[in-house]
Every structure is written in structure tokens, then in C-alpha cells.
Amino acid sequence: MNKRIYWYIKRLLDIILSFILIIITLPLMLITLILLLCNTGLPIFDIRFPREGYKKKPFSMLKFKTRIYDTKNIWGRKTKLSTIIDNLKLNELPQLFNIFIGQMSFVGPRPFICGEALPEGKISEKRYMVKPGVTNLAYVYGGKKVSHKQKLEYDEKYYDNFGFKQDFIIMIKTPIEMIRQYRSRWFYET
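Residue numbers (my numbering): 746 to 935.
Hints listed in this document are in silico derivations from the structure and should not be mistaken for laboratory results.
The beta carbon of each residue, even a glycine, is placed where N, CA and C say it ideally should be.
Only true hints are included.
Derived BS3-like pairs: lysine-lysine, alpha-carbon spacing no greater than 27 Å straight-line: (1) K802 to K871; (2) K808 to K871; (3) K802 to K902; (4) K834 to K894; (5) K889 to K802.
Simulated restraints on C-beta separations: (6) K825 to I789: 17 to 27 Å; (7) E837 to I760: 13 to 23 Å; (8) F909 to I813: 36 to 46 Å; (9) R822 to G847: 31 to 41 Å; (10) L787 to R749: 40 to 50 Å.
Whole structure, please, built from the sequences with the hints as guidance.
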């Protein structure tokens with residue numbers, strides 16, 4: 746299957762799957778929203794930094810706010826509850842709406858913050874020729890242990906091998922990697 750045909754199939758799958766998952770996870774999103782609202786206050790979403798999307802077009806990537814911000818610390822601080830929500834990736838659920846409206850896909854390079862000072866390394870334009878994703882090659886092959894340079898190499902490799910087979914493998918490996926990372930975090934924190 747050529748890349749152009751898969752592009753349309755991928756978009757159709759993104760619409761259908763994101764719609765189904767929005768319906769299924771809506772109660773969980775509402776519970777998470779209420780807990781965070783009581784715990785970290787307003788605003789509900791952390792959209793302070795626009796992200797670079799397809800063809801570098803800026804967009805607001807929706808995430809529940811899991812930090813309390815003050816004027817002294819731009820990155821804010823987490824509470825015990827917000828740390829748990831963050832570790833379980835429940836704060837990422839609103840990205841289903843980004844996928845549904847076409848700003849993101851389930852699989853693709855993680856979007857950079859617009860204007861963010863990035864470590865040295867060649868940033869291929871290929872990473873901007875596909876929509877940013879919730880999960881990607883770098884995540885399933887090491888997650889946070891992968892260097893910035895390796896992430897950029899994985900982004901280029903993703904574009905070069907763009908297709909159903911690669912996306913399917915990434916979607917299967919993502920929950921496995923999430924469990925592995927959560928277990929290792931739990932083990933080291935106890």
C-alpha cells in the first residue's frame with residue numbers, strides 16, 4: 746500500500762477509534778477532571794505552550810493540568826494525586842479530541858513545544874510531514890531512556906517506513922511499554 750493511500754486510511758481510523766475511545770473514556774475523563782480541579786485548581790487544561798504540528802503548524806495539545814504553577818517556578822509542582830494521574834497517563838486522555846479533529850494521530854512523532862530550545866542534532870523535515878502522535882517509535886523502544894538524538898532518528902525512521910504494519914506494531918507495543926515503565930517507576934519509588 747502506498748503512503749498516500751495509507752494517509753487517508755490512517756485518518757479514517759483515527760476518526761473512528763478516537764470517537765469510540767472518547768465515548769468509552771468520557772466517564773474516566775470527567776472523574777480525572779473533577780479530581781484535578783479539586784487538587785490543582787483552574788485552569789483545567791495545560792495549554793500554555795503551543796506545539797509544532799503537521800508542517801510545523803502550531804496547535805494546542807490538550808492535557809489535563811497536573812501541576813500547580815506559581816510565579817517562581819515555570820514548571821510548577823505536582824501533588825501526590827497529580828503525580829499518580831500523570832504516571833497513569835490519564836492527563837493525556839484529552840488528546841483524543843486532538844486526534845478526532847485532525848491535529849494529531851495515534852501514532853507519529855511527539856510534538857515539540859514551539860520555539861523550544863532543543864539539544865543539538867539534525868531535525869529532519871520528515872518529522873513534520875506526518876501528524877504528531879500520542880505514541881511513537883522512540884516510546885516503544887526505550888521511552889524516557891532514549892536520547893534526544895535517538896528520538897530524532899526514530900522520527901525519521903517512522904516517516905521512511907510509514908505504513909499500517911509499523912503503526913500496528915507501535916500500537917501493540919505501547920501498552921506493554923506503559924506497563925513496563927509504570928512497574929519500574931513503582932519499583933524504584935517504593
